[in-house]
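Novice: My numbering numbers the first residue of the sequence shown as 12 and each following residue consecutively.
It is worth saying that the hints were derived from the structure and are not from the lab. The beta carbon of each residue, even a glycine, is placed where N, CA and C say it ideally should be. Among the clues, some could well be false.
Claimed, not checked - Calculated cross-link-like contacts (lysine-lysine; reagent style PhoX-like; alpha-carbon spacing at most 20 Å):
#, residue 1, residue 2
1, Lys63, Lys20
2, Lys82, Lys15
3, Lys70, Lys82
4, Lys63, Lys15
5, Lys82, Lys63
6, Lys15, Lys70
7, Lys20, Lys82
8, Lys20, Lys70
What the hints assert, rightly or not - Cβ-Cβ distance ranges computed for the label pairs, FRET-style:
#, residue 1, residue 2, range
9, Ala13, Arg44, 32 to 42 Å
10, Met12, Arg44, 40 to 50 Å
11, Asp31, Asp55, 14 to 24 Å
12, Glu84, Cys30, 17 to 27 Å
13, Glu89, Phe61, 14 to 24 Å
14, Phe61, Glu87, 10 to 20 Å
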Amino acid sequence: MAVKQLVTKVWIAPGCIVCDACETTCPDVFDVRHDDGTCLIRPDAMDAEFTKPRSQLIKDAAAECPVDVIKFETIEVEVSDAEAAAAPAPAAPAAAKA
Numbered sequence: 012m013a014v015k016q017l018v019t020k021v022w023i024a025p026g027c028i029v030c031d032a033c034e035t036t037c038p039d040v041f042d043v044r045h046d047d048g049t050c051l052i053r054p055d056a057m058d059a060e061f062t063k064p065r066s067q068l069i070k071d072a073a074a075e076c077p078v079d080v081i082k083f084e085t086i087e088v089e090v091s092d093a094e095a096a097a098a099p100a101p102a103a104p105a106a107a108k109a
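Let the sequences and hints guide you as you build the complete structure.
Specialist: Right, here's the structure in full:
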């Protein structure tokens, strides 16, 4: 059996520079608002069942954040070796907004 870490909670700590990196990587979770200079977690992403299948994208967004303000909590779950091997590769980032 393999162990996989799934994201159950995601938030943005103070210090966001509103650079769009997170929303470009994971637009289902992050909502960058240039009009008021904030980045929010989308309402659906407040639910662990929503974030779990997006765990890798959330981790990628956190790794790409230039000011390291994307934080998350995970749980470990056991998956079969076949499930671990068949896990989809992270999706390509969405196109940047014009």
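Novice: All hints, please: hold or fail.
Specialist: Here is what the structure says about each hint:
no., hint, in the structure
1, Lys63 x Lys20, "9 Å, holds"
2, Lys82 x Lys15, "18 Å, holds"
3, Lys70 x Lys82, "9 Å, holds"
4, Lys63 x Lys15, "11 Å, holds"
5, Lys82 x Lys63, "15 Å, holds"
6, Lys15 x Lys70, "13 Å, holds"
7, Lys20 x Lys82, "8 Å, holds"
8, Lys20 x Lys70, "11 Å, holds"
9, Ala13 x Arg44: 32 to 42 Å, "38 Å, holds"
10, Met12 x Arg44: 40 to 50 Å, "42 Å, holds"
11, Asp31 x Asp55: 14 to 24 Å, "20 Å, holds"
12, Glu84 x Cys30: 17 to 27 Å, "23 Å, holds"
13, Glu89 x Phe61: 14 to 24 Å, "22 Å, holds"
14, Phe61 x Glu87: 10 to 20 Å, "19 Å, holds"
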